[in-house]
Amino acid sequence: MRPLDPRLLRHARAARGHVAVTAALGVLTAVLVVVQALLLADAIATVAVEGGGWPEIRDETALLVAVLVGRAGISWAQERFGHRAATAVIGQLRLQVVEHVSALGRAAPGEAGVLDGTGAGSLVTLVTRGLDALDGYLVRYLPQLLLAVTVTPGVLVVVAWQDGVSAVIIAVTLPLVPVFMVLVGLATRSAADRRLRTMRRLGTQVLDLVAGLPTLRALGRDRAQATRVREAGDAYRRATMGTLRSAFLSALVLETLTTISVALVAVGVGLRLVHGGIDLRTGLAVLVLAPEVYLPLRMVGLHYHASVDGLAAAAEAFTVLDREPAPTGRREAPDLRGHLIVLDDVSVTHRGRTAPTPHLLRMDVRPGRVHALTGPSGSGKSTACSVLLGLRRPDAGRVLLRRPDETTASSDGSLTPGHPDVDLTDVDLADLDPASWWRQVSWVPQRPPLVPGSLLDNVLLAAPEDATRAEVDTAAAETGLAEVVAALATGWDTPVGQGGVGLSAGQRQRVALTRALLSRAQLVILDEPTAHLDAATEGIVRATLLRLRDQGRTVVVVAHRASLVELADDVTTLGPVGDADPAAGDAAQPSAGVASRATAGPGRPR
Amino acid sequence: MSTADREPAASRWRLPRTAPPLLRALAALRPAPGRVVLAVVTGTLALGCAVGLMATSAWLISRAAEHPPVIELSVAVVATRAFGIGRGALRYAERLVSHDVALRGVVAIRVRLYQRLVDADPAVVAGLRRGDLLARVGADVDALADVVVRSVLPFAVAALTGTVAATLLALALPVAGPVMVVGLVVAGVAAPLLAATAARRSELDAAGARSATSAEALALVESLAELTVAGAVPDRLRRLESLDHRLARRLDRAAAPAALGAGLATLATGAVSLVCLVTGAVAVAAGDLAPVMLAVVVLAPVAVAEAVVPLPAAAVGLVRAHAAAVRVMDLLDAAPAAHAPEDSLGTVPDTGSADTGSARTTSPGGTSRSATGLRAEGLYCGWPGGPPVLRGIDLDVSPGRRVAVVGPSGAGKTTLLLTLAGLLPPLSGRVTLDGIPLHLLDPSALRTTVNLTAEDAHVFGTTVRQNLLLAGPGLRDPELLAALARAGLGPWLSELPRGLDTVLGSGGTDLSGGERRRLLLARALLVHAEVLLLDEPAEHLDPVTADTLLRDVLTAGPAVVVVTHRVSPLVATDEVLLIEDGAVGCRGRHHELLRTSARYRESWQVEQGACHGSRHAPASRRSRAPAR
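Heads up: the sequence lines are chains Y and W, in that order. Residues 537 to 1142 (my numbering) make up the first sequence, in order. Residues 25 to 652 (my numbering) make up the second sequence, in order.
To be clear, the hints were calculated from the coordinates, so they are not data collected in a lab. Keep in mind that a hint or two might mislead.
[What the hints assert, rightly or not] Each pair of labels, with its calculated beta carbon distance range:
{"hint": "1", "chain 1": "Y", "residue 1": "Asp881", "chain 2": "W", "residue 2": "Asp259", "range": "33 to 39 angstroms"}
{"hint": "2", "chain 1": "Y", "residue 1": "Arg774", "chain 2": "W", "residue 2": "Pro93", "range": "51 to 57 angstroms"}
{"hint": "3", "chain 1": "W", "residue 1": "Pro521", "chain 2": "Y", "residue 2": "Leu857", "range": "40 to 46 angstroms"}
{"hint": "4", "chain 1": "W", "residue 1": "Pro198", "chain 2": "Y", "residue 2": "Ala598", "range": "53 to 59 angstroms"}
{"hint": "5", "chain 1": "W", "residue 1": "Val306", "chain 2": "Y", "residue 2": "Pro689", "range": "34 to 40 angstroms"}
{"hint": "6", "chain 1": "Y", "residue 1": "Gly588", "chain 2": "W", "residue 2": "Val188", "range": "28 to 34 angstroms"}
{"hint": "7", "chain 1": "W", "residue 1": "Asp259", "chain 2": "Y", "residue 2": "Val605", "range": "48 to 54 angstroms"}
{"hint": "8", "chain 1": "Y", "residue 1": "Asp969", "chain 2": "W", "residue 2": "Pro521", "range": "49 to 55 angstroms"}
[Said to hold, decoys possible] Examples of chain W residues lying across from chain Y (beta carbon under 8 angstroms, computed):
{"hint": "9", "residue": "Ala196"}
{"hint": "10", "residue": "Arg225"}
{"hint": "11", "residue": "Ala256"}
{"hint": "12", "residue": "Val257"}
[To be verified] If you want a taste of the chain Y side facing chain W, the calculated C-beta under 8 angstroms gives, among others:
{"hint": "13", "residue": "Thr597"}
{"hint": "14", "residue": "His619"}
{"hint": "15", "residue": "Ala624"}
{"hint": "16", "residue": "Val660"}
{"hint": "17", "residue": "Thr664"}
{"hint": "18", "residue": "Val742"}
{"hint": "19", "residue": "Leu745"}
{"hint": "20", "residue": "Ala747"}
{"hint": "21", "residue": "Leu749"}
{"hint": "22", "residue": "Leu780"}
{"hint": "23", "residue": "Leu788"}
{"hint": "24", "residue": "Leu816"}
{"hint": "25", "residue": "Pro985"}
{"hint": "26", "residue": "Arg1097"}
Please read these numbers as outputs of a predicted model, since none were measured by experiment. No residue lacks a Cβ here, since even glycine has one placed at the ideal position from N, Cα and C.
Take these sequences, add in the hints, and give me the full structure.
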């Protein structure tokens, strides 16, 4: 990544101001550095050569005080505004990344490829701690970089004006700094890479032993391995020192070149002074200015490492920001109360697998009924839910919304087949505006999320704006969440989520069920709501299901337990899949054993 | 045998527990005084070169302006060049020495931490999450090393450099010495203090805002799909934005003193030069200072100021490392186990080896020893200080018995196994091995008699052989191969290009779930324990693989206790305990429980239905009828 990525300026408005202010301060610094050097040289020469005293240098001193105050002010401003700008830039980038990821997610949040190139794990790191590393880059590195392009040439020009020979010496040695640093880098790179790998491996060895301590203890080997910890630690130290010996070489080159250059300038000036080529005033000015030419370069080298992490995080952020969201359908979703949801030979192949799960799944979800989805683990029940939710596009097959009269024309007389104003064609879920679809869908996932905020905030997460407290209380009473709330000292206001109180899996489940009851969405999808739950919670899930059906909602529930399956009006059983274990007998069956038997039962009296 | 006894150097750096944690943690790095002095001296010499370069150049130029014979300048010319070359080399040496000091400290403290963890009560270690423990031993210790290199040594170097420079300056111009001291104290003490205040403030004030922002961003990214479906994303984004603004305001307020410090440092170091200029001019006029020395006393302080440049960052480093030091010292101070090895009465023989002098062996040769096996009576288990998780457990694991423990997750099954293995003390009741309570037995021998393989047992990042040899260092390859074959890993091993020498990833990351479980089983088999305790040996495996593995496990050891959530393979057990509501809900043989326990039967039916689909799924078929 480039030292100053234009994307940073494009994406983070705060960065533009920061760069402008920093550059201005850099120019001002250059001016003050030069003025200070000339004043100091003048004052010293006045006293040392011309025999002047305090009265003769009073004016210079006063000006020097002013310059000093100015430089102190710049130091203050750089630190003050640097941090402020850095915080703003980091905040802006964080918000943009999260915003953009959610925009990418609007297209297909469950799609495995959405976060390609970053991965959800590193994305989490990026938006939590990763971007904070930009602070070092913005506050330390970038100002020095800007000083290197303002102070270094500016001061060099002044040196040339004062003493051409010294300027030539500096101009010749200056390019040597980057050249030698690159050469050293190239010469040591392969060795450094190798050493770095060894170092990392040895570094993890000690931690590996600590991570496995309970295991070592269980094997009665914990004491014996203490010597291994020391050996691995010593090997790590030796490897690290080897790496550092070459890593510090570039710093050695940088410092040696800059100080030798200053020495060369000083000796040259001194020898020419003897012969009267130049005067003391000029000589001293050049002596003071020469290190100032190199200083920004040295600082850039010094702060380079502080900037690397930040730049890497920024690059990662730009990778996310540069991704275009996939196009989504625009069509408004039809009212689900009057539509069947038809999974038409849906197959999804997971990454790294060959056999699709589910494979050629067919099922009809009828409005107002409870539809159970069963089958062994790994048969694709959760994936079927994702497809139904519109979170994942099927690799084959479609999800269609169909007017019931097309399939069971006799059962519903409200529509006249063939009526010209009625759209009788199927609507593909892929053509719908996802937001309009999700307005009619409520989802109780396996691990319901908690967002930072109060328990009430969490329950109201998907609720319509006009949800009343009475509705909340009724819903909570039905899901048993009311009991949980009653047991909490601060009741509904209790903070949950990260930093709040932890809720057990069962309590989370109750929050999610309450959410579903409050949502008023027509289609409610529950993914394994009874997995790992006790009998009491299971009873609550059953009661909630019945309540949802009484409200006329369509429910799709992934169910393992017979007690839940019993409750369903329709059942689809997914077959086992051969992908995991070739020994599974059913794998050999045609259509991978998917037995979709969504039978329209006699139907409940309604 | 305490840790201190093993390490003769302990007393030299021992600090009382009331000392600040960071100081104690730095002492715990056991830095060798010689190396520390070397680092400080080379650092001072490196800075001295910079000062010397400026001072000799200033003198050289001033003297040259008086047009002396060139020969008079030759010493200064050579010195100037020498200082120019020496600076880089000395700085390089200083960097290496200081990193060496820090790294040696890291090794020393890690070894001590490891020994502490070994000696500590298992409950102390188990109370920490693995991630937390690794962060303490890893990142926190690295943070301490960083403090040595970036904070402690720079302060020492600055102090030494400042003292020497002020002394030399005072020799030339008496008043300049104290002036420099004042300037350096302002720039090197006051400014860092302000920076540290800012850092502390930012940690105190902004920490809450920072974690709130992080939590919000985390919730958004992690639960994106759920929040998107719920239509809650726009709301959460607005919340994140306002949290971010709050964080920015707090950080900005906190940063104010640091900026003040930066300005102050610039002012103080510049003022030293100015005061030297004015007093120098007066001294020159009075004849107290040679005119050629004026440039030296004015310009040398500019170079000395370089010593205090890294100090504000160094002070911030000290503040930041405080928390790491507290965490590391917490571990180092962890109380050793209540039942330390030397307190134990008898020693249980390592049954796999030749050592047979034992409390259990009533006569030599072991023919008539009372091998009643592992028994629990009226056992209450739970974490020390906590409530009992399981109550009133009686268990007989006499030789040859195969017992399974099933129940919902969180029911305390793992706690039961830890207690049976002697890794947790019973809250009440007792666990005995051949009649002797576990806590009276030598731990290491006990481990090889009663061996626990935890659900999250570790696969080490080393070769397959080394992983297996942890079961017994003297094992030979044929034994290892036999164990792998018994664990069903024969085909897997033959596929490995380097066989037993194949290096595995730490945590078994490059193994499939089934391979990892089987490798752990092979290792457990090699212990040749009399009782194998296995926690969820088939968790996260697909049903067919899980059941095959469980069946293998049940025939693996002389006596086996297995915790599992799959009940189908339990046909092969002598007894099944079904844990419900913190106690044994019911117990008996597999087919008895199928009759007597509805819950057990249902678990079994779910597995059958899931495993064999339509063919044996009466439950699923029946349910297809409408509920009412």
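Item checked: C-beta pair arginine 774 of chain Y, proline 93 of chain W: status relative to the range 51 to 57 angstroms that was hinted -> holds (54 angstroms)
Notebook entry, point to check: Does the CB of leucine 788 of chain Y sit less than 8 angstroms away from some CB of chain W?
Noted result: Constraint on leucine 788 of chain Y satisfied, holds at 4 angstroms.
Next item on the list: Could you check the hint for me, namely that proline 198 of chain W and alanine 598 of chain Y are 53 to 59 angstroms apart, CB to CB?
Entry: Hint violated: Cβ distance 25 angstroms, outside 53 to 59 angstroms.
Next item on the list: Mind checking the hinted window 40 to 46 angstroms against the Cβ distance between proline 521 of chain W and leucine 857 of chain Y?
Entry: holds (43 angstroms)
Note to self: histidine 619 of chain Y was flagged as interface toward chain W. Is the shortest Cβ-Cβ separation under 8 angstroms?
What the structure shows: holds (4 angstroms)
Check: Under the criterion of a CB-CB separation shorter than 8 angstroms, is leucine 745 of chain Y in contact with chain W as hinted?
Finding: holds (7 angstroms)
Next item on the list: Could you see if the CB distance from valine 306 of chain W to proline 689 of chain Y stays within 34 to 40 angstroms?
Entry: Hint holds: Cβ distance 38 angstroms, inside 34 to 40 angstroms.
Next item on the list: Have a go at the proline 985 of chain Y hint: is there a Cβ in chain W nearer than 8 angstroms to its own Cβ?
Entry: holds (3 angstroms)
Check: Is the gap between the beta carbons of aspartate 259 of chain W and valine 605 of chain Y within 48 to 54 angstroms?
Finding: holds (50 angstroms)
Notebook entry, point to check: Would the stated hint for alanine 256 of chain W survive a check requiring a Cβ distance to chain Y of less than 8 angstroms?
Noted result: holds (5 angstroms)
Notebook entry, point to check: Holds or violated: is the Cβ of leucine 780 of chain Y closer than 8 angstroms to a Cβ in chain W?
Noted result: holds (5 angstroms)
Notebook entry, point to check: Quick one, is the alanine 624 of chain Y hint okay against chain W at 8 angstroms, beta carbons?
Noted result: Because about 6 angstroms separates alanine 624 of chain Y from the closest Cβ in chain W, which is inside the 8 angstroms limit, the hint holds.
Of the numbered hints given earlier, the model fails hints 4, 9, 10; all others are met.
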